[in-house]
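Q: This is what each chain is made of:
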Amino acid sequence: MSQYVLRRLLIAIPSLLGISLVLFVVLAMAPGDPFAELATNPNVPPEVAAALRAKFGLDDPIHLRYLHWLSAMAHGDWGFSFVSRMDVDQLILQRLPATLYVIGSAQILALLIAIPVGVYAATKPYSLFDQIANTLAFVGFSLPTFFTGILFILIFSVTLDWLPLVYTTDVKGTGIRWVLEMIRQAIMPVAVLGLFQAASMTRFVRSAMLDVIRLDYVTTARAKGLGQAKVIVKHVMRNAMIPVVTLIALQMPAVFGGAIVTEQIFRIPGIGSLLISSILANDTPVVMAVTFVFACLVVLFNLIADVLYGWLDPRISLR
Amino acid sequence: MLDKKLRSMIDKVADGRMDRRAFIQRMAAVGLTAPLANQILALGGVAMAEGVSTYKPTKRGGGGALKLLWWQGPTLLNPHFATGTKDQDGSRLFYEPLACWDPDGNMKLVLAAEIPSIQNGGLAADGKSVTWKLKPGVKWHDGKPFTADDVVFNWEYAKDPATSALTIATYRDITVEKVDDLTVRILFTKPTPFWADPFVGAPNAIIPKHLFADYKGAKSREAPNNLSPVGTGPYKFVEFKPGDLVRGELNPNYHMPNRPYFDTLEMKGGGDAVSAARAVIQTGEYDFGYNIQVEDDILLRLEKGGKGKAIYAVGGDTEFIALNSTDPNTEVDGERSSIKTKHPLFSDPAVRKALSMLVDRESVKKAIYGRAGRTTANFLNGPEKFVSKNTSWEFSIEKASKLLDDAGWKPGADGIREKDGKKLKLLYQTSINGPRQKTQAIVKQACQKAGIDVELKSVVASVFFSSDVGNPDTYPKFYADMEMFQIPMTQPDPAQHMRRYISANVATKENKWQGQNYPRYVNKEYDAVIEAAEGEMDPLKRVALYIKANDILIGDTVFIPVQHRLKVEAAANNLVCIISGWANETDNLFDWYREA
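In order, the protein sequences belong to chains A and B. FYI, in this note's numbering the residues of the first sequence are 1 to 319. FYI, in this note's numbering the residues of the second sequence are 1 to 596.
With the rest of the complex left out, here is chain A:
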C-alpha cells in the first residue's frame, strides 16, 4: 500500500513538470502585459514602462524565464506579483480561508442533499418522489449560477432585504454575533453553488444506486431476511459509492480553486476572484501559481480517490 502511494507520487513528478511547462509557455505567449494601464497614462514616459519590463524580467527569453521560475518554486518561492508587488504565496494564503469556507460549505450542502435524495429516489424508482427529484435536478443544473445568483440577490437582498449583497472579509463583532453574521452572509453564495452541485450529483447517485440495486447479491441479502435499511446502507450504498467518490474527488480541487463566477457576483475575496483579476491585469506570476496549485491538487486527489477505492471495495487491490 505505502509502496503503491510512493510509486504514484514519483510518477506525478514528471507529469507536474510537463503541466508546469505547458502552463508557463501558454502564459508567456498570451497577449497583453502587466503594465498595460501605464501605456495610456500620459504621466508615465515609455522609458519607465520599458525599465519596469526589464526589472521584472519580462524581456528575457522564455526558456530562461521558465528555468528561473522552476528553481525558485523548488526553493519554495512562488514568485512575485507584478501588480501588488508582494509575494504570491502571501496573496494566495490571504484568499484561501474565504474560499475554503464558502466553497467547502457548498460542497457539504451538495452532499447532504444529493446522497439522501439520490438514494431514496433509487429505492423507489419512478415513484412520485423520484419524479419530483428528477425534475428539480434538471431545473437545477440547467440554471447557471450567474443567473440564480442574481435572482437570489434580487429576491433576498433587494426586495426582502434579509441578506447582505456584499460579502465582507472581516465581519464586525465577536463571539456568537460574529458566527451568526458569517453564516448570514454566506447563505446566498453557499445556496447558489450547493444547489447547483447537488442537482447533478443527485442524478449521479441515483443512477449509481440503480446499477447496484438490481444485482443478485442484493436479492440474496433481502432473501436472508435483512431489513430494508441495512440492505440499502450496508450492501448497496457501499458499492454504489465508488463512482461517486471519483466524482467528489475530482471536484475537491475546485473547492480550493473557488468558483470564479459566484465569487465575482457576491464579491467573495476567494482564489477564483484572485485568479480572474490577475488574468485581467496580466499578473502572470499569480496566474501561474494558482493554476499550478490546481494541477497539483488534481493529481493529489486522484491518488486519494484510488486509495479510497481499496477501502470501499477490498476486492480492488493496489499494486
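Don't read these hints as lab results, they were simulated from the structure. As the structure is a prediction and not an experimental result, all values here were calculated from the model. Just so you know, not all the hints are guaranteed correct.
[Stated by the list, open to error] Keeping only pairs whose Cα atoms sit at most 25 Å apart, straight-line, the calculated SDA-like set for lysine to any residue is:
| # | chain 1 | residue 1 | chain 2 | residue 2 |
| --- | --- | --- | --- | --- |
| 1 | B | 307 | A | 55 |
| 2 | B | 307 | A | 150 |
| 3 | A | 55 | B | 222 |
| 4 | B | 512 | A | 53 |
| 5 | B | 219 | A | 50 |
| 6 | B | 457 | A | 276 |
Mind docking chain B on chain A? Use the hints.
A: Same frame as chain A, now just chain B:
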C-alpha cells in the same frame, strides 16, 4: 512678462475692482481651465484662491463607519508605484500631498501652510521656482515629525531610475532643496506655468523618509511599508488585503481641526460596476461607490429605491475616434501603418470631414451616456465653460453624402461609394466595453446610409491598451482605419495631453510603438504651435496657443470627439462627499461627512 491687458485685469482683481469669479470667467472665454486661471492669478501677483471648505461637523470623530466600494480594489499602497487610479485612491487614504484640488479647480492646502504666491515670496516671477512653506506640528502616524527632509526625500526616491517609481516623470527634471525644516524650494529647468504638479494631488502624495530611506533604488520593492502605509492622513492604517480590502481608523492627532468625521474606514474591492451601484444606491449597504460606468437607464431605475444617488464631476476626459493617417493594409519594411505610407482614403480631407458629420453625438449622449456625457466639438475639453469657441459640429447624413459626391466618391453597384477603384470600406476598432460597442453601432448605421461600409472590431481592453510589442491588436499599432477610446486627462493642464501628437512622437516599429502619437499625425504647423506653447510664459498667449493646437487637430479631423465624459460616482443620500473632476475620488476625503 505678462501681457498688458492681462496685467491690468489682474491688477483689478488685486485691488478689488474685479472679482475673482469674473476673472476666471474671462479666462474661461479664452479656453483656460479653472486651476490654471488661478495659477495665472498667482503668477500675476494675486494669491491663488484657497478652496472653500464646506465642512460642518464641530468635533472630531463620532461619524461611525464609512464604507467605500471600489469595484476594482487597490492592489498596492505606495503612491509612487500606483499603476492606476485605484492604487492612488487607496494610498491617498493614508498619505497626503502638500495640496489638492477642489471641485472648482481651486487649490486646497493639506500639508502646506500657505499657497505660494508672488506676494509671499513663494513664486519666482520668471516661473522657474516655487517655494512651499510646510504646516508646522504635523506628525506621521508613528509619532515622528513631518519635515522638509521628507519632501526632499520623495524627490530623490522618485527620480532614481532604479526605484522604478511611476512618478518619475514629475520629478526627474526638477531640483528640490531644503531651505529650512519647514520650507522647500522646487527649481524648474525652464519657466513652468503649471507649477502645481510635484507634491500636489493624490498621485504625488508624500511618503515618510524614516521608513523608506533604506529602500530607495533597486531595493524599493522590499520595503515592508509598501503594503502597510504610515502617513499623515486623517485615517490610520489597520489592514490591507490586495484587491479585496483596505481598512483604516480615525487618526486622533490629525492636523486639521474637527476632522476626520468617521471613526473607521473600509474600502472593499471586487465585483463589477452595476452591482456596486446596486449596493450603494439600491440596498444602501455601502456609502460610496467609485467610477460607476453604468448606463443611465439603469442608474435612473436604481435611484427610484431612494437610498442613494448618482453624482457627477466635470473633468477633461474626452471619448474620441482617431483617424489613421497611414495605410494599415500596406506593409513597408515589415511594418503596417508605417509612417512612410499615406492612408488611401483619409488623404482626401472630404472623407474625413464627412465621417465627422456621420457621428451622431446627440444620439450617443441620449442612448448611452445620459447624464454622464456632454456633446462636444473639441478634442481638448476643460470644465463646461472652458472650451474653444471656434469649433462646431453637426450630424447630417445629407451633407456628408453631398460632400462625398462633390469630392468624386460615387456609389457603386453595391451602394458603397468608390473613386479611382478605391472603395470606401473602413475598419473601426475599439476596446470591449458596452457603451463603446453601442457607439460603434450608431456610427456604422449612419455611415451605411451615406454609402460607407464600416467593419467593426472590438478588442479585449487588457490587450487593446497594452504595450505588448508582439500583439497586433494594441491601440498604438493601429492596424485599423479608425479607433475609439479615451485618454484620461490626469492634470488640469493640457501640456502633456497635447504634446503627444507632435511629429517626433509618431509610433513606429523603430521605437517599438512607444511613440505616443498613435494617429501618426504629422503637421509642422502643429509642432511649431506646441513648441511655442511650451516655451511661453505669458499665460494668455500660452492658452491661445493650446486652443490653436486643438483647432488644428479638429480642422484636420485627426480626431472626431464623440463625447465629453463626466466622472460618475454613487453615494448614499446622507453622505456629503466632495468630488473633483480634477482629482482622485479620495483626494478631498478629509472634508467628507454625513448629514443627520
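Q: Each hint: holds or not?
A: We went through each hint and held it up to the structure:
With a CA separation close to 48 Å, the supplied pair residue 307(B) and residue 55(A) exceeds the 25 Å bound. The hinted pair formed by residue 307(B) and residue 150(A) meets the criterion: a straight-line CA distance of about 20 Å does not exceed 25 Å. Restraint check: the Cα-Cα separation between residue 55(A) and residue 222(B) comes to about 14 Å, which is no more than 25 Å; the hinted pair holds. Between the alpha carbons of residue 512(B) and residue 53(A) the distance comes to roughly 13 Å, so the proposed pair stays at or under 25 Å and holds.
For the suggested pair residue 219(B) and residue 50(A), the alpha carbons sit about 18 Å apart, so the restraint of at most 25 Å is met. Between residue 457(B) and residue 276(A), the direct Cα distance comes to roughly 24 Å. Compliance with the 25 Å bound is thereby established for this hinted pair.
Comparing the model with each numbered hint stated earlier shows that hint 1 is the single one that does not hold.
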